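Turn these sequences into a full structure, and let the hints steer you where they fit.
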Amino acid sequence: MTELLQQPWPWYVSGPLIGLVVPLLLLIGSKQFGVSSNLRHACAACMPGRVEFFQYDWKENGLWNLVFIGGTVLGGFLAGWYLNNPEPIDLSQQTVTELQALGITDFKGMMPDGLFSWQNLADPSGIIVLIVGGFFVGFGARYAGGCTSGHAISGLANLQLASLLAVIGFFIGGLIITHFVYPLIL
Amino acid sequence: MKDYLKYLIAGLFFGFVLVKSEVISWFRIQEMFRFDAFHMYGIIGLAVIVAMGSIEVIQKLNLTDFNGNKITISSKDSSQVTRYLLGGVLFGFGWALTGACPGPLFTLAGAGYGIIVVPIASAMVGTWVYGLLRPKLPH
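Sequences listed follow chains R and V, in order. Note that the first sequence covers residues 1 to 186 in this note's numbering. Note that the second sequence covers residues 1001 to 1139 in this note's numbering.
Hints are all accurate, no fakes.
Each computed DSS-like pair below joins lysine-lysine, with the alpha-carbon atoms no more than 27 Å apart:
1. V:K1002 - V:K1070
2. V:K1070 - V:K1006
3. R:K31 - R:K59
4. V:K1070 - R:K31
5. V:K1070 - R:K59
6. V:K1076 - V:K1136
7. R:K31 - V:K1006
8. V:K1002 - R:K31
9. V:K1006 - V:K1060
10. V:K1060 - R:K31
11. V:K1076 - R:K59
12. R:K59 - V:K1006
13. R:K59 - V:K1002
14. V:K1060 - V:K1070
15. V:K1076 - V:K1060
16. V:K1076 - R:K31
Everything labelled a hint here was simulated from the structure, so no lab data went into it. Since the structure is predicted, the reported quantities are computational estimates derived from the model, not experimental observations.
What follows is the structure in structure tokens.
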């Protein structure tokens, strides 16, 4: 049993389980799945300033979601720390070869240690990946009105044209970084 | 507080699956944006199909939630185009750079990747700056 919980799960098992979060939240409290709203709730709670966008009752609107995201941290701890899979991810050889050509050599864990380290914050690559990247996640998610969970999963499942546009945008952005920016900064 | 326990458990389930599916991995996101494997497409595709089917069942059967309230799903404002495309592209920049969208950012923090607090903090700053600039941005 422990072994089953330590191993990675194939896409045809994990994909449907992720999809089930949508009806789960609808059934337990008529809530719509969307993670990035929590960044707005956190701003409204901690540093609303005089910005109108953050003047609302975050407890009423978002406390459930902040608790949900707290649960996500716990799930990350259980699955990624306590029941961690010690093996490197079974990536496509093509990706490994291409990343090696960019100078990535460490394929252990969930991310390349060299790029994602405190020391690397002194390097342009670290600043772009960690600080600029994080900024775009927050800014872009609110501008687009949702992230992967709200648009790519809930929104597409509910046949929202807005979500299709957003997902097309996600891919345009991701492809630009992957194919034009990473060769310059790595 | 008891009301909120169910959301904690739902989140725990979501975080657990995010790790075991490896979608929290920067490497998997790179593999997706290089079109080298079906893994991420299979996960997102099946997640959408299962969510779509479930919504269909909930609406056909007129199901209520645990508190007995009617389940309503609000629509997004599809008359706006700029914000979804442009906002989407900017979000895509962030997704490919950090290798994580918001759910995975928090899951990675739980999994012990301490450095991830840096993109989480700057994602909050990004959200805040959006709030500030919102009246001036095209939507």
